[in-house]
Amino acid sequence: MCVNYANFYRVVITSLLVWPIQILAQTTEPVMEVPLLDELVLDMDMEFTETSAASWRDRLRFTFSYQAGLDLNKLTRVTSHRFDSRLRGEYLWQDSLFFKWDGKAILRLPGDDQMDASNNASEDVGMDGRLRELFVQKSAKSWTSTWGFQTITWGEMDAVQIADQLSPWDYSEFAFTTPEDARLGQLLINSEWYSPFGQWQFIINPWPQTNRYPGGGASYLLEQSLGTSSFQVNQQQPDFFDDYELALRWTLNQQGYDISLMATSLLNNDPVFEMIMVNPQGTSIFNAKFPRFEMIAATANYSAGNLLWKAETAFKQDIHVAGSQSVIRDVLDAALGFDYDANGAWDVTVELLNQHILSGPGDLAGLRKNNTQWVARWRKQWLHQTLSSVYYVSYQLQHRDTVHSMALNYAITDAWLLDVNATLFESTEAQSPGQLTKNWDQLTFRLSFTY
Amino acid sequence: MLKFIIILFTISLSGIVQAETARDIMQKVINRDDGYSQYAKQVVATCQYTINKQSLKCVEKPRIKLVEFVQRDTGHDNKDDQSVMIIQKPAAEHGIGFLQYDYDAEGKDSDQWMYLSALGKVKRIVAGNDNEPKTGTLFGSEFSYEDTERSHLNDFVYTLIKEYACQPNDCWVIESLPTPKHARKSNYSKLIQWVDKTRYMVIKAHMYDRRGRLIKQLSVSDIVEQDGIWVARKLNMNNVQTQRITTMKLNDVFINVDIDPSMLTQRTLTDGAFREKHLKHVRELR
Chain Y
1 MCVNYANFYR VVITSLLVWP IQILAQTTEP VMEVPLLDEL VLDMDMEFTE
51 TSAASWRDRL RFTFSYQAGL DLNKLTRVTS HRFDSRLRGE YLWQDSLFFK
101 WDGKAILRLP GDDQMDASNN ASEDVGMDGR LRELFVQKSA KSWTSTWGFQ
151 TITWGEMDAV QIADQLSPWD YSEFAFTTPE DARLGQLLIN SEWYSPFGQW
201 QFIINPWPQT NRYPGGGASY LLEQSLGTSS FQVNQQQPDF FDDYELALRW
251 TLNQQGYDIS LMATSLLNND PVFEMIMVNP QGTSIFNAKF PRFEMIAATA
301 NYSAGNLLWK AETAFKQDIH VAGSQSVIRD VLDAALGFDY DANGAWDVTV
351 ELLNQHILSG PGDLAGLRKN NTQWVARWRK QWLHQTLSSV YYVSYQLQHR
401 DTVHSMALNY AITDAWLLDV NATLFESTEA QSPGQLTKNW DQLTFRLSFT
451 Y
Chain U
1001 MLKFIIILFT ISLSGIVQAE TARDIMQKVI NRDDGYSQYA KQVVATCQYT
1051 INKQSLKCVE KPRIKLVEFV QRDTGHDNKD DQSVMIIQKP AAEHGIGFLQ
1101 YDYDAEGKDS DQWMYLSALG KVKRIVAGND NEPKTGTLFG SEFSYEDTER
1151 SHLNDFVYTL IKEYACQPND CWVIESLPTP KHARKSNYSK LIQWVDKTRY
1201 MVIKAHMYDR RGRLIKQLSV SDIVEQDGIW VARKLNMNNV QTQRITTMKL
1251 NDVFINVDID PSMLTQRTLT DGAFREKHLK HVRELR
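Sequence lines, in order, name chains Y and U.
For the first sequence, the numbering used here begins at 1 and goes up steadily by one.
For the second sequence, the numbering used here begins at 1001 and goes up steadily by one.
Here chain Y stands alone, though its shape is the one from the complex (with noise of 0.2 Å):
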């Protein structure tokens, strides 16, 4: 056999020398038009300086805020006027007790919607309070005892409450107020028992509260709905330890999803009307109860990939249904919902809530067997997860009534917290509710310093 020896030569040595430039090729890296992070000295003050653990600052967090809030309807009126300041902490006492707390001081102005309420147009300020937390808890290695003034909160669901009717809440300034603010602490026994078959909560409320609702000459009074233009209420708060409130709670986690099933004896939250008698100045007499209901209930949820399932359904028998007057019925509250995350570009929330009255007669004096609702909100962050921006609505399907609301939400600095919000109301039926509230527009700016 005879090679040839010359090209097989040419061969070798062309590949000895381009195999070793194509390697270079491929990893040779670009020139820096930057200098190296090692080539720079870093003079950077982010030396953090920790306080330590035994530091009072460490237990205690202070926010000071301002809130103004104009009618997008009337851009002269002031709906809200306010300062706030807010003292919350927490301290884990001899490795035994740990107490919590958090409470708020409100100062209104004059112009705040609120001070007509207190019937103070004519004083040049109005000081309120709120109590969320006062509470001590103990826990040891499989149990957790709390008692205090607490907030709890049930449910899959992030903008209905199905499962969650524990916490009263405070809607004196109708849908104005931040749910943190809104829900409202109550003198609680809540026990938990960690087993290996899942988690147990055990609740005893021996003072319920119940929702908060604008007073005689708020701007939120819903005067209109009560017809008559004379009328008094005598309401029946719940009494000390006479009334009471149980609940009882399992919840399991497991790879993928979680579970809770729910039993309640409660208090209606809302007040049930019962007109006595119109005495002789014409006046309407009602009195206001807040009558027992039992729930059942079921919470789930399934994660796959960039979708969070969620599902929630309560079975609740003799509770206050809102019409044109309240009744009391049996209901069957179903939800379904998701949680969508674009992999942190931008994350939605839908849900889709049907109230359906299983007793009584329905579609009559503005009481519909079925009340759905459908909610959405998109939420994206911007500048490094400084800002964020949520965009929301609901959608009510029986009277087409439809809310839009807009957040922005900026870190200024770590501290400083700014806050716009603008909330809009749409009603197309003449008989619906919305009517009631379509002219209530609001653009509320709020600004906040933490430390």
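It is worth saying that the hints were derived from the structure and are not from the lab.
Hints may be right or wrong, so weigh each one.
To be verified - Output of the computed footprint for chain Y on chain U, the stretches with three or more beta carbons under 8 Å from beta carbons of chain Y:
id, region
1, 1059 to 1069
2, 1099 to 1112
Stated by the list, open to error - Facing chain Y, a subset of chain U residues (Cβ under 7 Å, in silico):
id, residue
3, Pro-1090
4, Ala-1091
5, Lys-1121
6, Lys-1134
7, Arg-1267
Quick caveat, the model's predicted, so the values are computed rather than measured.
We put the CB at the ideal spot given by N, CA and C, even for glycine.
Fit chain U to the given chain Y structure using the hints.
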């Protein structure tokens, strides 16, 4: 002639040996013992900067987060991971907590829960789709979620570029190119990593975006040994395109500490008495 063929064969073989060596090195880096549990108090500080006479200075007040982090290995062969992170500062975010369970098995999604003190409840959050690039970052810092996730050896093809005289030990410079499958969900088209030969740690890295441009530089310093395990107490991540830098410092870090498994459950997020008692116990383990 025969001698020439042997030389050629040896050169070719050395190339194959080098490729395996790069992969072997990275396998040792990924499998490096980092302890079966960890407690750390982390400070994450981020700012926009300018460069003036080789000195890097913040042009704004840094955004600072102080978090307490507890982690333990679990599952089969201790390849799964459970961790809880509680934000201590800034004050406006105090008490926000994250609980995460990561699983080694392919196709098994992570479980994540978040506790928002404002809402007063624990909420399961979506872990995201592993088949798409994740755009989120840790607290708005320059550490993306991809940067903080555990690496998988088969996600990249490795090439040893050169050896380099790093300080205090020599290191290998390794190029990592994502495989086509991993490239779909990675934000990087290439990584150049400096691996300490003695400690098998990445002490420096350059990350290239999907267009092949240098986007981030990572430098690791203040490496200490604890219980026979090397721990990096300071990491700097510099985004050269946006001129933002994040410094992650571990003020306190304890490796292989006794972590009660019940601490890595939702109870830590909601039960203040339980959480503070256990955190205090862990903080005092020195």
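Hint check:
no., hint, in the structure
1, 1059 to 1069, "holds (count 5)"
2, 1099 to 1112, "holds (count 5)"
3, Pro-1090, "holds (4 Å)"
4, Ala-1091, "holds (5 Å)"
5, Lys-1121, "holds (4 Å)"
6, Lys-1134, "holds (5 Å)"
7, Arg-1267, "holds (6 Å)"
Of the numbered hints given earlier, the model fails none.
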